[in-house]
Amino acid sequence: MNCVHRRDYTVGWGDHATGFRFGLGVKSDSMAKISKETVQHVAKLARLGISAKEAEKFSSQLSDVFDYMDILEEVDTSKVKETSQVTGLENVKEEDGIVPWTASGDPVEKDDLLGASELPVESNQILVKAAVKKS
Amino acid sequence: MANLNELTIKEIADGFRAKKFSSEDVARDCFKRIRERNDDVNAFVHLTEESALDRAREIDKEGFSAKDSLLKGIPVGLKDIFNTRGVTTTCCSPGLKDYVPPYDATVVERLRAAGMVMLGKTNMDEFACGASTEHSCFGVTKNPVDLSKVAGGSSGGSAAAVADDMCIYALGTDTGGSIRQPASLCGTYGLKVTYGRVSRSGVTAMASSWDTVGSFGKSVEDLAVILGEIAGRDRRDMTTPDEKVPDYTASLGKGVKGLKIGLPKEYFGEGIEKETKDVVMEAVKKLEAQGAEIVKISLPMTKYAIAVYYISMPAEVSANMERYDGIRFGKKASGEAEGLVDQYFVTRGEGFGDEMKRRIMIGTYVLSAGYMDAYYKKAMKVRTKIIEDFAAAFKKVDVLIGPVSPYPAFGIGEKLNDPLAMYMADALTIPASAAGLPSLACPCGVDGSGLPIGLQVIAPQFQEGLCLRVGEMV
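So the protein sequences, as listed, match chains C and L. Position 74 (the first sequence) corresponds to 74 in the numbering used here; numbering is contiguous. Position 99 (the second sequence) corresponds to 99 in the numbering used here; numbering is contiguous.
This is chain L alone, in the form it adopts within the complex:
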């Protein structure tokens, strides 16, 4: 069988159990594809080929039993933000370039126990701060559909790797859109979970009240399988509640008949490209034809979400970045320093890229005396109003649908010198993040030049099953 790297988790799991091919076969096809494409696309920044093939062979020897996870023996790419014991984890930052964590992130532990075959670590914007994977110390990840365009970010490497069949699925993180947006720009599925659904222990923190761990996959069913393995309470992450993990695959095959789907008018308004709106509306009409009731909704706080996020998130980022001083971990600075305090300046000056510096400074400023009320506390209050917007909407509908990105993949370098323009890319993904809601990005068409367009299905907290149920029918 050829090109096993193009199959889904479900197809491969069936193939293993029917003894059609081995885990090593699949891994080899993935590495073949990586060799063909990674120099151009730059999805993977670190490959672990030897250990991957060893593990695949080990799994093949064990065989596949009924009680084994469907993920057993399946090749995966992990965003370089997840601690992988003994394997470099750099967050694509100059300051963490050679860091080797001494322990696995919780989700990595869980995937290992399930029998994952880790192909390597994928590219990202430095410390997850970006929407284009252009802010990586390893260079940009190019969109596999059009190499002159960005793959999106910050989980651009994971999105591109799955979209380009370099791996079968991948993990990423979504703080303000960093799974949904690159998924949409690359034409693959990406799931942002409810805040607290998946443990963040061992995952480098960016903005701690916004960060979530999620996945990229080639089908909704695959995402359901992955979620079942990684979700659930973890004593090492106190923000994971004791919420039961249902069988997410049981949500599938139910169709959308009788479901109420809300269309927030602000997600189809000014600033969203016409083609994007049209493609998403076509998909919505299909759902209506299948029996869903389409309801017009308003989320009036949508226009304030970017301001809320770009005050609140940098504040949290500035706090989380304080630990990077090159002492307990991270690169020793090459510049000269006189004394400890000076050392901090030199190390941090060298270790952080421009976007990180901007965000750290924004955060420091908004938390400073004299400005904290006006900015940070104000943003926290408007965040409450965004949450109330969604609560009101969910009284009327089951899920909300809208585009993920105001436009398809933009040109590499196009927004690099205009940080504010780059921030606007997150306009439609930030609100769900503010409220800690799950949202599934589904490819639903392409624009005139073939660039992918995606929609998102937003559900109330812990209703990932609803996202998956509707997403399956898109």
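Same shape as in the complex, but just chain C:
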């Protein structure tokens, strides 16, 4: 069964595996073309079904995009901290208790939530296809 850790893998992507590292003074001739195989691999990680024809189209478009990204090499960020968010807030807390979700106090019913699914619902559970093949 496929592992569901999407981005935690060490497989090299053919000619991109040895790739390029910012800040080491090593320059490849471009952030590399995003090959059709790379596109297919990334689509697989993202669980996106794409056709072979789409993979080719995206390969060309994404290569352009990533060639453009090289511009960031110009910026010296050796002493710069990352920005994750711009609110300046930290550790925002709430009282641990049950309160109505809506401002009016009107409940959001369980059936409303389950009703949003187009799949069959049984005993408060949404029925999906089998994850593991029965042997």
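Everything labelled a hint here was simulated from the structure, so no lab data went into it. Among the clues, some could well be false.
In silico DSS-like cross-links for lysine-lysine, where the CA-CA straight-line distance does not exceed 30 Å [said to hold, decoys possible]:
{"id": "1", "chain 1": "C", "residue 1": "Lys129", "chain 2": "L", "residue 2": "Lys332"}
{"id": "2", "chain 1": "C", "residue 1": "Lys81", "chain 2": "L", "residue 2": "Lys332"}
{"id": "3", "chain 1": "C", "residue 1": "Lys53", "chain 2": "L", "residue 2": "Lys415"}
{"id": "4", "chain 1": "C", "residue 1": "Lys33", "chain 2": "L", "residue 2": "Lys385"}
{"id": "5", "chain 1": "L", "residue 1": "Lys415", "chain 2": "C", "residue 2": "Lys44"}
{"id": "6", "chain 1": "C", "residue 1": "Lys79", "chain 2": "L", "residue 2": "Lys303"}
{"id": "7", "chain 1": "L", "residue 1": "Lys265", "chain 2": "C", "residue 2": "Lys79"}
{"id": "8", "chain 1": "L", "residue 1": "Lys296", "chain 2": "C", "residue 2": "Lys81"}
{"id": "9", "chain 1": "L", "residue 1": "Lys19", "chain 2": "C", "residue 2": "Lys93"}
{"id": "10", "chain 1": "C", "residue 1": "Lys33", "chain 2": "L", "residue 2": "Lys303"}
{"id": "11", "chain 1": "C", "residue 1": "Lys79", "chain 2": "L", "residue 2": "Lys415"}
{"id": "12", "chain 1": "C", "residue 1": "Lys133", "chain 2": "L", "residue 2": "Lys331"}
{"id": "13", "chain 1": "C", "residue 1": "Lys134", "chain 2": "L", "residue 2": "Lys265"}
{"id": "14", "chain 1": "L", "residue 1": "Lys331", "chain 2": "C", "residue 2": "Lys53"}
{"id": "15", "chain 1": "C", "residue 1": "Lys57", "chain 2": "L", "residue 2": "Lys332"}
{"id": "16", "chain 1": "L", "residue 1": "Lys254", "chain 2": "L", "residue 2": "Lys265"}
{"id": "17", "chain 1": "L", "residue 1": "Lys377", "chain 2": "C", "residue 2": "Lys57"}
Given the structure is predicted, the values throughout are model-derived calculations rather than measurements.
Given chain C's structure and the hints, the job is docking chain L onto it.
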């Protein structure tokens, strides 16, 4: 009285209280205009005429008292990204086509409590990913000023609806420019707020550290009124700080005398069309004549903003799009699938348009092992430098002014096959988004062919009042 749909919030509110016309009258004029124009413009993708007229009649029965919001009884259009209980909310995506949310977004709750009359949901780029509203499963929104041109995006439907007098005001979202740019291209006012000023609860997430909720209106005063109703802390959105909501209308009528207005040279440089620069500079000269001091400023990180955004934003988009698997909500796939994992591929393959797929893949790639440092973390560091750029500028000036878009509305289809060219449309709006700053887009003229040109007034965080004060005088 005819064509009540052409009035502003303030004019209508006065009219209601003077008993010149009713809420139902206004709503009917709006729907008349919608019937005349929506087939061409395609601003609205879903109309709620019956419930709107019911609500208008209900409000007319209640009457208007001094304590009522100025928004009471006034018709509004909501971008199809806002959860509206019992009314479809699709984000204009094939994968969410018939989704009916079981609860309202916080801003929708607040507008309901204020007495809004919701006319319907407006068109957008799928999941807010675009700058032209061409990436919608309901077709493109055409620019009301010239139907061969785009309305801009991603909030193109809301911008066009207000610009074309189909509704009195509208809500949208701005992540990298999606309110300011369509406002500018359609010739209407659009306000991007400080990140965290308005709750995003119940608003479909695109890029969670960039997304903001804002509005379109026909006057700066109207935007001040709307902001007062929707701003403020919400326990359901932990990124809304406990920052007081001032009376934004009190910022108006103060003029610009004594204010220092910075002009970032990078916003008037290479890549910006000459006519756009000229029109904006004319408006700036007017402000100078009214007593503002114009200061030349540099924001050297401007040229890196697109790269920062198109690494960082897709990363966040790819995470936010993970939930669309057709299980708890969204369309069941029509294709065959063998097993659960295969089902994800089929559902997501069918449910997302091309631009979404591109962004999800860009995001997945830049977050992957071996690439995360080079791309994602690098972009986060350059984002810090963009923020520092603005901080340094605001030590010298009160607000910054520049064009919103490097060019006026472009032709429909013109940039569709060149994603990178489309991304360049956001060059001047992304930097303020990176820093979470408020920015008000104001129409300030037209080009030789009559296409609208807009400028933006950028202020420090939580200084929307300054944006409004200066914008009023443009």
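Comparing the hints with the structure gives:
no.: 1; hint: C/Lys129 with L/Lys332; result: 12 Å, holds
no.: 2; hint: C/Lys81 with L/Lys332; result: 43 Å, violated
no.: 3; hint: C/Lys53 with L/Lys415; result: 21 Å, holds
no.: 4; hint: C/Lys33 with L/Lys385; result: 28 Å, holds
no.: 5; hint: L/Lys415 with C/Lys44; result: 28 Å, holds
no.: 6; hint: C/Lys79 with L/Lys303; result: 20 Å, holds
no.: 7; hint: L/Lys265 with C/Lys79; result: 26 Å, holds
no.: 8; hint: L/Lys296 with C/Lys81; result: 28 Å, holds
no.: 9; hint: L/Lys19 with C/Lys93; result: 47 Å, violated
no.: 10; hint: C/Lys33 with L/Lys303; result: 22 Å, holds
no.: 11; hint: C/Lys79 with L/Lys415; result: 38 Å, violated
no.: 12; hint: C/Lys133 with L/Lys331; result: 24 Å, holds
no.: 13; hint: C/Lys134 with L/Lys265; result: 66 Å, violated
no.: 14; hint: L/Lys331 with C/Lys53; result: 24 Å, holds
no.: 15; hint: C/Lys57 with L/Lys332; result: 26 Å, holds
no.: 16; hint: L/Lys254 with L/Lys265; result: 27 Å, holds
no.: 17; hint: L/Lys377 with C/Lys57; result: 28 Å, holds
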